[in-house]
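There are 2 protein chains.
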Amino acid sequence: MSPPVPTGLAPGAMLGILGGGQLARMIALAAADLGIRCHIFAPEADSPAFDVAARHTVADYEDEAALAGFAAAVDVVTYEFENVPAATASFLTGRIPLHPGARALAITQDRLSEKNFVADLGLPVAPFRAVDTLADLEAAVAELGRPCVLKTRRFGYDGKGQVKIARGSDLAEAHEAIGRFPAILEGFVPFLREVSVVAARGLDGAFAAFDVCENEHRDHILAFTRIPANLSATACDVAIDAARRIGEALGYVGVFAVEMFVIEENGAERVVINEIAPRVHNSGHWTSEGALTSQFHQHVRAVCGFPLGATARRGRVEMENLIGDAALRWREYLSEPGAHLHLYGKRDARPGRKMGHVTRVIPE
Amino acid sequence: MSPPVPTGLAPGAMLGILGGGQLARMIALAAADLGIRCHIFAPEADSPAFDVAARHTVADYEDEAALAGFAAAVDVVTYEFENVPAATASFLTGRIPLHPGARALAITQDRLSEKNFVADLGLPVAPFRAVDTLADLEAAVAELGRPCVLKTRRFGYDGKGQVKIARGSDLAEAHEAIGRFPAILEGFVPFLREVSVVAARGLDGAFAAFDVCENEHRDHILAFTRIPANLSATACDVAIDAARRIGEALGYVGVFAVEMFVIEENGAERVVINEIAPRVHNSGHWTSEGALTSQFHQHVRAVCGFPLGATARRGRVEMENLIGDAALRWREYLSEPGAHLHLYGKRDARPGRKMGHVTRVIPE
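From first to last, the protein sequence lines are chains A and B.
With this note's numbering as the guide, the letters of the first sequence map in order to residues 24 to 387.
With this note's numbering as the guide, the letters of the second sequence map in order to residues 24 to 387.
Please note that a few of the clues may not be correct.
[As the list claims (entries may be wrong)] If you want a taste of the chain A side facing chain B, the calculated C-beta under 7 Å gives, among others: (1) 55; (2) 56; (3) 77; (4) 329; (5) 330; (6) 357; (7) 361; (8) 365; (9) 366.
[Stated by the list, open to error] Pairwise CB distance ranges (calculated): (10) B:95 / A:268: 53 to 59 Å; (11) A:358 / B:190: 56 to 62 Å; (12) B:31 / A:150: 54 to 60 Å; (13) B:145 / A:69: 51 to 57 Å; (14) B:347 / A:66: 41 to 47 Å; (15) A:373 / B:67: 36 to 42 Å; (16) B:153 / A:359: 46 to 52 Å.
Note that these hints are calculated values from the structure, not bench results.
All C-beta atoms, glycine included, are put in the ideal place defined by N, C-alpha and C.
Bound conformation, chain A alone (with noise of 0.2 Å):
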């Protein structure tokens, strides 16, 4: 079966999403306003995005019956995560536009591939090697030196799957710490900062970016975006540049994220690749008030084959997430005149857990 000849649609179309959480029900809030449907697709019952979406389905991503009903109710399938099972989006394609595609999530879902993708386009990203046995870390570590990150290949976010290799780490029980999975040893980057490009393509091929953005994370998870950017104009240039480059070879469609790290080298700032995310992203959060589209509706645009939306920014802009408890302040931040509190409608507090965020925006 030969995939379906991509094609714009309009107002009134169904997009299926994969996945039920915060990123899935803000894109969902986002068609909305352009008129368009969504049907969620994710295992767990109480996913947060069901509440904002025309229809849901409740099924592991493996369920080829509940799939080939979702294919068959949907005009467009998109996902908010990175993870889904490659047997999953092959299932889709073929069947039903897949936005981005198999071969984005193929490459960025496994950290080996997508650092030979980034490093095969030129693009600079920290020194690493491939780990699959603790002879394999013992040689990595004597080649890259101490100290060093050990991440597993696959299903790594928000710090999982990682562990630090310092000058007296033990180097089978780092092995052991990440389940002796598959991995990769980076290169410890001597890092300024960290930045981020959320930038789209559309289904016709255009690119728009939007302003490189600071990010500061707290226990590895996203705390703090700050648009602009402490960054030079130059190298704010070639961040973007890279994030075209990216996209453009991964035949993208949809909005991604670049995270990227702010190193000095002679002197003069540059921009390391890190990840690759192939979705809307926490650092692309404060584009809802911050910017003349926001990445959600830029996202629907792209995957529908709409024209990407305009990207400026409306000020200087603070992106800040409400993690674990932090959410219990709401009505702190509903006072805060010019605070703009999003919340997920997540139950449980639970530490470390994504409740919301808040954007303040202060026109420059």
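Put chain B on the given structure of chain A with help from the hints.
Quick look at chain B alone, frame taken from chain A:
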């Protein structure tokens, strides 16, 4: 049964909305941002708001069993239209907090009681007379002179239920044209412009108005809203103060709109109150992108007992209604940088039907 004491809710609460059109839909979208779930109650099976709400009930507003189930399933009830039957409001009151309350509904759904209410506050209204019979009409026209307008007391909107009485008009025909329903005759107001004040009153009595906006109607339907209005600062203050007094006198909770005529009197601009809408209002749609808090977020804040949000403008704003076929030009609007398209998810673009709107914000 005495009505429950209204208290503030918390995120996670369920908001009941009577009516399933675009206003309910946009209230539900705003509620989602605040972690509030929505349950829509509407008689039409394909109501646009159902697509973005956690739950919905399809039933007549007179269906007490359905209303009882609805009341039991939600934490507070609001509505998107002023013609909620009095019996429905009364049935819900006592079971569940209803905001705005039954009194605001009772007064504003009858043009005669509304005019008396406004006049009793000492606020300027067009001269008016109650008309029940043709004899009443003849006497009223003799008193107020021609031209004048005969309007049914109930169920008029977008120019429906009203007829202009000009120099040569036959009064019996006019009376026939409005179905001989109980009516009022309004004297002609030689207005320069139409403006409205969209404002909110919180559960705690706090008041917050958006800037006065100027409205342009075509065929009795709102076509454009522009902010700031072409109105002197003094007249703007008077207009907002009138809205504040109306809100207080109604013991109002939620967003409401006061439509006004601008007239010139002794060289100065004055406003004359035309109509009160006890709900979010088409002339407030510009606030979605044009103000720090949208009228929909503000309404949810008010009826949930949350603090009201800041109402400052983000620039000069224009709102363009997409009536009927105009919505077919959606791709043009999506291609216009900085234009924000909102479609309501209605299937048939029938003539005169409100299908969506576009806002444009020009930073000042």
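Hint by hint, here is what the structure shows:
| no. | hint | in the structure |
| --- | --- | --- |
| 1 | 55 | 5 Å, holds |
| 2 | 56 | 5 Å, holds |
| 3 | 77 | 4 Å, holds |
| 4 | 329 | 5 Å, holds |
| 5 | 330 | 5 Å, holds |
| 6 | 357 | 5 Å, holds |
| 7 | 361 | 5 Å, holds |
| 8 | 365 | 5 Å, holds |
| 9 | 366 | 3 Å, holds |
| 10 | B:95 / A:268: 53 to 59 Å | 57 Å, holds |
| 11 | A:358 / B:190: 56 to 62 Å | 57 Å, holds |
| 12 | B:31 / A:150: 54 to 60 Å | 55 Å, holds |
| 13 | B:145 / A:69: 51 to 57 Å | 53 Å, holds |
| 14 | B:347 / A:66: 41 to 47 Å | 42 Å, holds |
| 15 | A:373 / B:67: 36 to 42 Å | 40 Å, holds |
| 16 | B:153 / A:359: 46 to 52 Å | 49 Å, holds |
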